[in-house]
Each structure stands twice: as C-alpha cells, then as structure tokens.
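Residue numbers (numbering that gives the first Met the number 0), protein chains in the order written: chain A, 0 to 404; chain B, 0 to 252; chain C, 0 to 294; chain D, 0 to 338.
Source of the hints: derived by calculation from the structure; they are not laboratory data.
There may be inaccurate statements among the hints.
DSS-like mimics (lysine-lysine), calculated; alpha carbons at most 30 angstroms apart, straight line [as the list claims (entries may be wrong)]: (1) D:Lys-77 with A:Lys-402; (2) D:Lys-77 with A:Lys-199; (3) B:Lys-87 with C:Lys-247; (4) D:Lys-77 with A:Lys-192; (5) A:Lys-175 with A:Lys-192; (6) A:Lys-211 with D:Lys-77; (7) D:Lys-35 with A:Lys-109.
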Amino acid sequence: MNDKTLLNVKSTRRQVLGGAAVAAGVAAAGTFVPTRFAIGAQANVKIGFLLPYSGTYAALGHNITDAFKMRVAELGNKLAGRGVEYVMLDSEAAPPKAKDNTARLILKDKCDVLVGPVHSGVAMAMAQVARDEGTLTIVANAGADNITREMCAPNIFRSSFSNWQSTYPCGSVMLKDGIKDAVTITWNYPAGKQMMQGFKDSFLPGGGKIVKEILIDFPSVEFQAHLTEIAALKPGAVFTFFAGGGALKFINDYAAAGLQGKIPLYGAGFLTDGVYQKAGAAANGIKTTLHYSDALDTPKNRAFRQNFESNAKRPADVYAVQGYDAAEMLRVGLEATKGDLGAQDKVVAAIEKATIESPRGNFTISKAHNPVQDIYLREIVNGEEKVLGVAHKALADPATGCKMA
Amino acid sequence: MSDVILETDGLSRTFGALVAVDGVTLSFRRGQVHAIIGPNGAGKTTLINLLSGELPPSAGTIKLRGRDITRAKADEVSLLGVGRSFQKTNIFQSFTCFENCWLGAQSRLPTSMRFFRPASVYREVEARARRAIELCGLTHRCDTPAGAMSYGEQRQLEIGMMLATEPELLLLDEPLAGMGSEEAVQVVELLKRLAADHTLILIEHDMDAVFAVADLLTVMVNGRVLETGTVEQIRASKAVREAYLGDEEGGGH
Amino acid sequence: MRAGPIGMDFSYYLIQILNGVQYGFLLFLVASGLTLIFGIMGIINLAHGSFYMVGAYLAYWLTGVTGNLFYAILLGVPISVVLGLLIERFGITFLYKRDHLYQVLFTYGLILVFNEMRSVLWGNDVHGVPVPDLLSGAIPLTETQSYPVYRLFISLVCVALAACLYLVIQRTRLGMTIRAGASNREMVQSLGIDISRLFAVVFGLGAALAAFAGMIAAPVSSVYPGMGEHVLIISFVVVVIGGVGSIKGAFIGAMLIGLTHTFGAVFVPQAASMAVYAVMALVLLWRPQGLFGKA
Amino acid sequence: MPRTPLPIYVLLALGAVALAVYPLFGDVFYVRLVAKVMVLAIFAMSLDLLVGYAGLVSFGHAAFFGVGAYATAALIAKAGIADMAIILPVVLVAAAVAALVIGWFSIRTSGIYFIMITLAFAQMLYFFFHDLPFWWGADGVNLPRRGLPRLAFGDTVILDLSDRTVFYYVALACLVLAFALLTIILRSPFGRVIVGIRVNENRVRALGYNVQNYKLVAFVIAGTLAGFAGFLEASRTAFVAPAHLSWHESGLVLVIVLLGGMGTLYGPILGAFVLVMLEDWVSGITEFWLLVMGLFVILVVLFLPNGIAGLVSTLAQRLRPPKPDVGKPVEREVEAADV
C-alpha cells in the first residue's frame, strides 16, 4: 500500500483546487491517519468515488462528492464508529474507461464501497465489474433503467432515480391539464429513450396521442430545425428531456422561436434543474416532474440546503441530495453490522428495510434496490421554481427483468 | 538508321499562365543518344517529366513504340521499359547503395505484393541489382548507406537505380549536374557504355559532355523546339548560336 | 403519427432554408480561417476549434462584465487575436518545417491544454448568453411559426464579413500576398515577402474569425465545454469539400454542410450526422481534391 | 532501410519472458493493466505500419479498432455466438472491408488532406455506431461475461477469454505474433516497397511501382490488425461503446506511436507501456490528467520527435564509435519542383 501517500496528496489537492471547502476536516482526518491494514471493523472505511470531475458533468460530480462528505461530517466523520477515507477518480464520463477505472478502485485502491457515476454508460460498465467483484456500490445519479432491472444485483443500490420513474407521472399530469396530443423531443441515446418510454407508459394508456417523436443526435444542440417543425405541427404540448447545456439551449431556443406560451412545454425535471436560473424569463411556464425540488419547503430540506450552501459556497441541487442520501444509506447499512462490511448480506438487508430520511422527503428501497419515492410536479413561475404538488406518491420502478424483485 | 522508339506530337504543358512546354513534336530513334539542350527555363525538365509520366500533358500526344502513352502514369511508363534519373539527386538516403538498386530491380518482379517470403530469397532480383551496381561502378560501395556516399557517387547511384529496372530507353536529367571534372569524366564514360545497348534521351548543360556522347541534339528555347540536328549542324546553326550557344561561346568556351 | 414534414407549407421550408444557411455562415467563419492556415502556412491546426470555444466563453464572461454582447465582442476579438499571435509565435513557429504528423499531435496537445485551462478559468458549467435586447424579438410568419431576429442578424453579419473578406483578398496588397501564398507557398517565400509576418497575420486573422464566430453564436448555441471540437471536425469536412486553401470552396462547402445538416435532421433524423459525411464522400468521389482544390 | 539491431531483439525476447512470468507474482490490478497495455500495443503497432513505415498519417485509425470491437459485440450480444472460430474471421473481414472502403477514398489524397479525410471517415463510422438504433446507442453495450469469445474443440474449451489469466496469455501471444507478422511483412518485397514510399514516394513511382495500390494494401493490413485489437479489447472489458471510435482515441494511439518511436515495431509497445503507466500514476495525483497529457504531448513533439526508440538509438550511438549519418527518419526528401 505504498500508494497511500499519493492518495493523501490527491484528496487534499482536490480540496484546494476544486475550491470545495466541504468537509475539508473530514478529508484531513480521514486520510492522514495511516491505515495499513483495512481488515476488520477498526480500520477506516475506504470509499471510492467514480464521478466526473472534468468535462461537462464535472459540477454534478463535485456536488455529489461534497454532499456525501457533508453527511459523513455531520456524523462526526465516522460511519458506525469507523473512520472514513476517500479516493476520488475522475470518470471523465467516458464509458470505455469505466471498467478499468472501477477495477482500479477495487483492486488497486482497495476501496470497500463505491459511490457511482453520473453517466449511464459508465454506470452500466461499473455495475458489471462491481457485480463480479461483489463490492458494495451506490449509484448516486445515473438513471439507466437497466441498473435496477435486468442488471440488478444484491450489492448494487441506487440513491437517485430511474429514468422511467422521473417521467412516468408526467403523462397523467398532461392529461389532467387537458392535453390530448404531444410531440416528444429528446436526444437519441438510451437515457432519452427511457425517459420518453416512462412518459408514454402513462400518456398513451390515458388516451393521449403522440404526434411525432423527434430524436436528436446526442449531444448536438442544433434544435432550430426541429423547433420549426414543431411550430408547423402545432401539437397540444411538447414533452422533452434534455439536461445541462442542452436543456438551457433548448429552453432559450424554444422561447426565441416564439413557441413559449403558445405550445406548453413539459419535461423531466432535469430540463430546468440548475438551468432555469440561467434561462431567465425563457423558462417561465415550464412544468416538470422529478423526485426533488429546490423549492421543497420542509425543515429537512431547508436545513440541508443552508448547510450545503454555507459549506460549499454554492447552492445545493438534486445531485447533492443524491450524494447526501448515498451516505445516509451507507450509514444505515453499516450501523446494522457495527461497521463490519464483511457481513454484506446483513448490510444489504438493513438498507432494504430502511426508510431513508432525505431532503427530498422520506423514501424506501425497492427489492430491486431503487428508491420508492414521491415524484413532484414543479413549475417555473416568474423565474422561480414552485412545487405544484406530488404528481405520484411513492412511485416504484417496475423493475422488469430483475430477479430479486 | 534505326526505327523510332518514342515520339511526341504537339506536346504542351502549362502551369497557370506559364507555358513550360509548347507544342513539342520530336521523334527519338532506337539506339541513339539524343541530347536536349537549352538555357535555363527552356522547359527541358518539364519535357522529361511529361515523357516519364510524372506530369500529365496539357495537350498533345506521346507514343512509345507506336503505342499511345499520353495518359500513362509514371509507374506504367517505367514498366514499359523507360527509366529516368532525376536532376536533383533522388535516392533513398537511409538505404544502402545495394538496397537502392534492389528496390529498382524488384520492380521487375511480376508483382511485389508478396508478404511472407523475405525479399532476400528473390535471387533474380539480387542478380539484377548487382549488375546495375557493377554497371554504374559502385561495387565497392555496395553496403554503404547512400546518404554517406560522396556527391558524385550518389549521382552514379541515381543512374544505377534506374538501370536496375533494366530499361530500354533512359531519360537522363542532367546526370552531370554539380559534379567536379574528374567525377564528370567517369559519368561520361558510363554514358558511353550505356549508349552501346540503350537509347538515351539526355538533358545536359555540360556542352563538352554533350558533344562527346550525343548523336543528335535538340535545342529548346522558351518551351519550343528551336532546332534539331547533329552536333555539326547545331554548331553551325546561326539561330542556335544567337539564341543560346552564342552566349556560351562568348563566355569562354 | 403524422409522417414527417411532408405537406408542410412554404413558410416551413423558408425557415428551414434560413436555418441551414445561418448554420452554414457560422461554419464558414471557422472554416475560412482553417483553410487559409492550411493553404498559406501549410499547417494543420486542430486547435482552431478551440478559438471558437474561447470566443464563446469570452462572450459569456465579457457580457457578464460589460452587460452587453456588443461590448463583449469589441473587447473579445482583440483578446483572441493576441492569444492567436502568442500561440503562433511560441508554438506554431516550431512546426513550419516539420511533418504534418507533428503538427497534428502538437495542436492536439494544445486542445487538451485549452480545454483544461477553460475548465480552470470558467469551470465546466454550461452557460447561456443573453441575446441583446435590441435583437431579441421574433418575426412572426404564421400563427405558430416565426423566425428569431437574432438568427437573421447572425446571417447578415456573416454576409458582411464574408464580403469584407472577399474585398480584402481580391483588392488589397495583403490579399494579393495571401492569394499568392495559397497557390504557391514557395514562390511567396522567394519573392522577398516577410513570410513570418504574413504567417502571423494569417494565423491572427484565422483566430479572430473563429473566435468571432464563437462569440456571435454564443447566444444561440450557449456556451459549453467541447463546443470547439464539434465545430472543428465539421469545419474539416467543409475544408475537405471546398478544397484546401480555397475561401470560395470553404464558402460553398459551408453552405452545403449547413443545408445538409438542417434538412438531414428533419428528413433522416437517425442518420443526420452521417449525412454530412456522406455528402463529403460524394464530393470526393467526384473531385478527390475538393471542389476548388488544386489537382 | 532502418533495421532493428540484434541487442534490441534480445531485449524484446527478455521482455516477453518477463511478461510471461509477471502474472505469477504481480499484483492483480497491474496484471490487468499490463493486459490493457498489450492490447493497446497491438493497436498502436498497426498504426505504426501506416505512419512509421508507409508514411500515411491516419487520424482515424480508431475506426477499425471500433469496427472490430462492434463486430465482436454484435456476434455475442445479438447472435449469441461465442465461438472464436466464427467471431475472428467475421471481425477480420469486417475491419478489412471498412479499411478497404475508407482507404480507397483516402489513399488518393496525401498530406493534410489525408489526415482530414481519415478523421472525417472515422467520425462517420462513429456516428454510424452512435446513431443507428441497432448498435445500442451512445452508452454502448455490456457483454455478458459468460458469452465472451472462447475457442472450443468439440466440447472441450481450449481458450476461454472471460478468464483473466487466459486472456492475459492470449493477449501476450497475439502481441508476439503481431510483432512477428509485421516483421516478416516488412522484410518481404511488399515491405521494401512501402518503406520506400515513405522515404520518397515519387521515386518509387518512377521505378515502376503502382504506389496507390501498395498504400491501399498497407492501409487494409493496418486496419485489419487494428480490428483484431478491437476484438481483444471487447473481450478484455466485455464492453463496447462508440467512444472506442472517437477521434480522441485516434489521437491517443497516434501519441503512443510517436512517443514510442515510429518506424520501429517495438516503439509502439514502449509507447503504450509508458503512456498507460503515466496515466495510472498521474491520475492518482491530480484530476488534471488531461492537462498533463496535453503538455506531455507538446513536449514530446518538440523534444523527442523520434520517440523513446529514437532516444535509445541516439544513446547507443554515443556509446559506440561514430558511424556515418544515416539520415533522419523524420524528414522526407522533397522532390525538386522544377519547371
């Protein structure tokens, strides 16, 4: 374990370079204690993050990491009495590197627990290695349905959502709003298609009609031609999923093309999360569904947001919540065995039974290890996000194909 | 007199607005040494490049042994038995002398698309390469990297490489360029030897050498053929004297 | 499901053509610099797309500082030119006599450095740049269809720039040198023209054009990591189609690709990205050196 | 003609032996990493045949790597075929056909044009696998471990690539075989011609060789070998994604060739080794791995144009009595542009 020194340098340097002051004490306390032997319950728990720290998704990776560390810091920098140590590996959101990176965290860095990726492609590759090696893994964002469906495994949990889950309630919402036909538009990649499937699963059986399904090359953001087409088709509404830069551009283009206010825009929550603040007036009137809202007015959420912002000097978001809850899930599991990860089946059983108290509201874990959670309906009103209510109470992913479900 | 091996009809080549070769009609007879002379920029090298297929002509035709080769590429022309040497030494510097000639000799295999047998098992190629080296007088330099040989030797190798392809017709672009007088003598001797069983088309500035080896001379000026004739005829031509030789002789020849 | 855009009306096609042309104009700004740098300097510059990205991020940053995109452009273009000149002086200079392989790898290394510096300076977030108020409207064409004023503005500015470029290249002394350089590099060198100054001017001009394209496109494309590489590769295709060193070729290639991309996205959405390359392959079948390349 | 000196062969043989015994005592993680290096080395060697020997700077070589990987994945995941006796021929033919078509377009050009066209065609294939629904889209596909290629004789499984140790030794054997194959090809008449083409294309043409045909064949050989490397990569990670064909991958393998030293077959092996180890080391220290990589590439271009192999031979020459200059492999001899 002579790479110990490297890891220390890394952790501290990341704190400085990333400007992430969250739980700096944790990192120091956690990493400067030499842990020559990671055997038994006395040594530190070594947690490996495989998250994007560079490129388009870097902000997500940092929020998940910092919120995770924040939760551990709240617990006195210990999980079930054991110290905590972190290894952070940049996934570069590059699926081909995911298997080698996962192997590195497990085999070289000897991590006890993996906290998983943002990118679905990375997640699938990571889940396969984690399943082979049997390492406890918590997926803290990637929503690929398969992870808790056909690829589900006892040692793999998700603290976030499944793609299907985040859009399924929206179909009913639109029908209730009196919309009879819609155009769907998203990127031509698995996440996009899964999001659309969730929407269709409720919109079509309820009598809705889909006028046209538009798929755009990922990650192209040239929407203009398609918006022109939508304007000509004049559907009752547009349902969409984009995230990050694509979402911002879509919202702006939608308004610039004169469609805002004429054809209502619905979408998965990622369309506006972290985006509406930058989009300004162009985002007004957009309705989305998601398992969280920045505007949730609960004591738990208020405290969480305040705490995160004072630590990280930037506002919390849904990704931070998912990182925070990943730490909470790990705490529940570890406390059941007094910190002994060797008894993995007991750890798993404890997490399966738990009710996680989350800033998003309490949720439980399904047999397939995906959260069973409330999905909120949100709307952007005058540049602010408003929670209109719960679109679907305690929604569980169908977990099709999972042998554990 | 022998029959015609190569002939051109109205051969022209332009580069943008510049007419480098302008309506050249010539015929070259088998077994002869036919020198092409003219001042710099007369279009001699371009003419050689057209004949060897290096450049496509803008107009006119080229016939080799009566067959039209106007559109033939350099490699096709070479396979028809036309070798060429370059004015600027154009050998493989990092190869040995032998390897340079080998590559020339190997081109006469039915195909070089052979992947698994080492090149060295092809005895006939080796024999051909050695013959060429001997002919150009470089046997003692066989295994020297070409880049390490003297300039004169490199010029000889330039010709040797061409000989390794066993051509019938040789296009020689200033074989004496940049040589000292002793080296030049050697190459002139080589040219004389080659003239015995090859047809030579020769561009050369060294008039002594040209007069020593050439059977027939063509004078080119500004891309055009001014006159063609024997050494005596050209020496006697008034037009040539005015356009070209006059200067040279006035210059102390 | 209604089948695609069949039966759409005239205004629909008009808008789609405008969309394609506007995209083409942006590509032209990037590709013209690229083709000039190829043609005159003999340099293959993979980092050219990075100037586009830098331009966009400068637009974002300076718009935030000055409050207006126009001021951002006024300040940003000189910054990009200086950056371009620095890179030419302290980087590209070493590559003039080197094989293309080294140029490719050197500028590939530059891309990585640019990306990481961008990450350090501006982070990895995606940012929007507001359209200037003056140009924020849309021109209504039918009940639901309209065309954003700002996109029209982009096209007009690009037309003006293309015209300027044409006049400079056809009518001025500098332009004459550039034309001569593009058709025969050795000749220019032998004519006693200060070649290192010419190279610097060309590289600076290329950098300025690409950065300007990034700036003016920022409000419609938003600003995101990796935006330069996408534009770079498409611009390569434009240059290949037009022929290395030909501004005219770059223009026609850019329009062709802009329209192909737009209509491809509408008619064959599954193969829109491939359509662009298919067009390139077809052009190469017909003319291996590109439309206006030297044979 | 550049020749590999005997001591190098001795060192290479020792290296192969060292690789063969490494799994017996090596750390599991590094054994995995070495397997990755070997696959990458085969891939880089195939590119070196183009760049270092035939003088064709391809910036789209990852396309064939990806075609090989996708052909493997399609047979396994779509058709449920795990038999190497079927997978391998399909992979090789698919990669060869792709190389033939792309080569046919690209070979007709040279220089900057060639670079851009190979890049553009690789991008086209990237989108082919990325956009068409048949190919699993942007996230790629995970292959079932149990479905990975194996070679069976009747009911007896001889080689099962899902076994890490078996894979390691198969990759090692393939590396040695690829090295031997390319060495043989370079010594053949064909090899002599393509080496000549790199040094001086016009002269080779003037000697009577149809240069285009030789280039095309070299392109196809290199593409096929790259496809084979793609097959190994798909078997190694049980994962295939469009990113395998991305232009960053093409850039990376070009960096490996240059770093190791082009025009030598052992150069790419060294390059792959150094780059992978460097990444492993640097990404443990800082998250700015790509910045380090970028600066590293720039420095190599400026100060190590002949790569590690070039450095080694320079050092060797200093130790030995001075020999006549054999000409730099970097520069091309330029044809006089006479009129």
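Structure-based check of each hint:
1. D:Lys-77 with A:Lys-402: Holds, because 22 angstroms separates the two Cα atoms, which is no more than 30 angstroms.
2. D:Lys-77 with A:Lys-199: holds, 27 angstroms
3. B:Lys-87 with C:Lys-247: violated, 36 angstroms
4. D:Lys-77 with A:Lys-192: Cα-Cα ~20 angstroms, so holds.
5. A:Lys-175 with A:Lys-192: Judged against 30 angstroms, a Cα distance of about 23 angstroms means the pair holds.
6. A:Lys-211 with D:Lys-77: holds, 29 angstroms
7. D:Lys-35 with A:Lys-109: holds, 20 angstroms
Hint violations for this structure: number 3 only, all remaining hints satisfied.
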